[in-house]
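K.L.:
Sequence:
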Amino acid sequence: MNPTVAVVGPGAIGTTVTAALHEVGRTPRMCGRTARENLELQVEGGRVVVPGPVQIDPAQVDGAADLVFLAVKSTQVEAAASWLKALCGPDTVVCVLQNGVEQESVVGPYVCGARVIPSVVWFPAQTQSDGSVWLRGEARLTLPDTSASRVVVQTLGGTRCSVELAADFKSVAWRKLLQNAVAGLMVLTGRRSGMFARGDIAELSLAYLRECLEVARADGAALSDDLPQEIVDGFRAYPADMGTSILADREADRPLEWDVRNGVVLRRGRAHGIPTPISDLVVPLLAAASDGPG
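Counting in UniProt numbering, the sequence shown runs from 1 upward without gaps.
No wet-lab data here; the hints were simulated from the structure. Built from N, CA and C at the ideal position, the CB exists for glycine as well. Don't take each hint at face value.
Quick list of the computed label-pair ranges, beta carbon to beta carbon [as the list claims (entries may be wrong)]: (1) Gly220 - Asp280: 19 to 27 Å; (2) Arg140 - Asp226: 16 to 24 Å; (3) Asp280 - Gly25: 33 to 41 Å; (4) Ala81 - Arg198: 40 to 48 Å; (5) Arg198 - Pro90: 46 to 54 Å.
Take these sequences, add in the hints, and give me the full structure.
P.N.:
Written as structure tokens, this is what we have:
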């Protein structure tokens, strides 16, 4: 028997997971802020249309789900609290599809005793002007190797969204956080991945990533000295027009996930007594871009 599933937040990531489940006959409940007749995922060779509607009233939820994919951004968790209250019970597993290394502490207070599973999302999905989502690569998640994670493995088994279990999840999560942190520089320039082809931007990015790497190691992550160069090379290999979610939020004048993507490096660096001169500059600029005033 398949578990009952809900997806809260049918944006780029949530739509991808919803469409992956729909393709194999496991269409989840769709919960969000905006009423929509359907969700649409553009994939190589075609489109996946998931018939709706998207539910917008938590009061109409008819009971807890076995598995909830929380696909809202960290800045939207409090606004999603009513959905979590309606969908979660003590036996529910909440898989958090968000950035950062603090997912459990951010989401935990809102889930009514449910088990929270952090994840690392590895796929590039972008919302288009018509509301559809363009999946620009293979969909893949990494989860910690726990019994609760196996509910997610079972649910997504045989779909276009693969799931890996990591014994050292902390290192995987910090590796992705370094990638997200340096992507924050796109906000400060208003440019996409093509900017990393500049020698000066590559040099700045490497210095920032080495600073982040030192903090990650102090926090218990086992990461290679080669990782900063690998990340910069990865951005250089992307299409020049490839964006990132934090840049899309800046362009739309929405609040930014600056704290979970960049501020955490500054905060944990201070906790470990590690100087973070680049973070000292980048984080206030991102915070101001997000929150103002002005």
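K.L.:
Indicate, hint by hint, whether the structure satisfies it.
P.N.:
So, going through the hints one by one against the coordinates:
| no. | hint | in the structure |
| --- | --- | --- |
| 1 | Gly220 - Asp280: 19 to 27 Å | holds (23 Å) |
| 2 | Arg140 - Asp226: 16 to 24 Å | holds (21 Å) |
| 3 | Asp280 - Gly25: 33 to 41 Å | violated (51 Å) |
| 4 | Ala81 - Arg198: 40 to 48 Å | holds (42 Å) |
| 5 | Arg198 - Pro90: 46 to 54 Å | holds (52 Å) |
This entry does not satisfy hint 3, going by the numbered hints stated previously; all others are met.
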